[in-house]
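In the numbering used here, the protein residues as written are 127 to 653.
Treat the hints with care, as some may be off.
What the hints assert, rightly or not - Listed next, with one range per pair, are the computed distances between beta-carbon atoms: (1) Pro383 to Glu519: 33 to 41 Å; (2) Met564 to Asp457: 17 to 25 Å; (3) Asp469 to Arg575: 24 to 32 Å.
Said to hold, decoys possible - Capping the alpha-carbon separation at 25 Å, the derived lysine-lysine pairs in DSS-like fashion look like this: (4) Lys128 to Lys241; (5) Lys646 to Lys167; (6) Lys408 to Lys338; (7) Lys266 to Lys278; (8) Lys602 to Lys547; (9) Lys279 to Lys261; (10) Lys313 to Lys646.
It should be emphasised that the hints constitute simulated quantities derived from the structure, not laboratory data.
Glycine is no exception: its CB is placed at the ideal position from the N, C-alpha and C atoms.
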Amino acid sequence: MKILFVATGWENISIEYLSSYLKARGHQTGLAYDQALFDDKNYVCIPWLYRLLDQKENCLRQIIDFQPDLVAFSVMSVTFQWALGMAELVKKHLDVPIIFGGAHPSSVPEVVIKKDAVDMVCLGEGEEAMTDLCKALEKKEVRYDIPNIWFKKDGQVYRNERRPQIGDINTLPFLDKELFSRHIPIKNYYVAVIARGCPYQCSYCYVSHDTKEAKKTGGRAVRERTVDNVLEELKCMKEKFRYRWIDFRNSVFSTSPEWTTEFCRRYKEEINVPFRIFSHPKLIWNDTVAIALREAGCFAVQVGLESFDEDLRKNVLNRNMTNEEIFRAVDILERNRLSYSLDYILGIPGQTEEECIRAAEFFSKLHYCHRISPFMCQYLPGLDLLNHSRKKESLSVQEIDRINEGLHGNYMSGGSVVDEKYDTFIVYKIFFRSMSFMPPWLKKMLVKRKVYIFLKMAPRFFASLIKLFDLLILIKDLDARTYFYNYCWWFFRRFDPRHPSFWFYGRKYRSEVHKHFRTKIASAGSC
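Given the sequences, and given the hints that come with them, work out the whole structure.
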């Protein structure tokens, strides 16, 4: 059976796991990919360049040429409207079932299943559910009882319960990197995960929603792979792709100092390329672990600080940690000269300028923090933060509907922060971002003299400087440089006749695709 996955903007680990799982069971998989250059729903958004290099018609042709038996979209909130538009176009050309899975459909399945172009919704993990579905479709069996999948037939919706998690994720085949290798320069960097889940229940994160649902069937918050299993994958893929560095993308790198120490020791001997991790202040345990990470080649630890207000962190974000715990974690990183970045959310309900000023004072003292990463608060459907904000900020029914439809901005741009509130907090986003390039003495001087006040004179004008700051980051940040190299790679593929992103590859569908999406944008209103 032929299953075609459809993706946009970036490499998708969920799709890679599903593809390898289905291939191991005898199915053929493919990928239709739209890089969405300069509107990748991730970091870069330059509308006029996006319109110039738009390749949705190429993505449609990739789908049609593959002639799939099943089309599967992995969907985030920021890609929901794109995925829906592509699914509607597919239905005009192919009589093929379409399934939506991923964070957004799992959070609001009732919203997604109502869409005419969506036949099925997969909730949570998809490996076993997709296997059962493909088996039934291949045998032409009519089944509406597959756990984890909602079905729609003649207007009737069949809502099935979730199945238990896959208990041992070490049994899963390695990621199908071949699927993306034609569309992503994997040699530049390798995206990996060592676990599923997260020990924390942050109110703004989809992983916490998935954990709650999994626990209803006896699931665990975190399932970690063994050191042997992870290193076996990394060695295998290093031989195949010769990647330059590794980006470990799970929510937190590890929940065990023993696992981390053993991994670092063996990683240095067996892999020995730079890597980046994500972590939580409570999981930066001690000097021993910090030294082990640094000596193994960890060049950056991305730490979630999110807010400097303890009450806000606890009661709104559900992050139960004290400022003292944050100071302790940062002190360990500073003392051991382990480079790190700090994530910070702006525009949280109840957040004040006083908090941001105190955060700036804290940031001004740091030496080894190579980047402050300020994000605008984004409400995601089905999560606790949205429920809190609905009461706190009296969000209208229409606004909730827009969030459920994926029509709020990305957290990298304005998120769900608008009007005067946006003008207030964009000032601190600019200031925090600019601190990434300053020595401590300069940061302290600017904070002491309250230079950020001058940014309030024209906040939206100064916001354009963020693009300049992001370019300057390229000079010293391996992650940012890789992103730039990837963009160059993607850009030149638009002029390669052998590549599916070639400018004229999908030209026969160009008028139809552009007209369809213009109509969708007009009907949705301004985003």
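Find the hints from earlier in the document that the structure breaks and name them by number, from lowest to highest.
8 and 10
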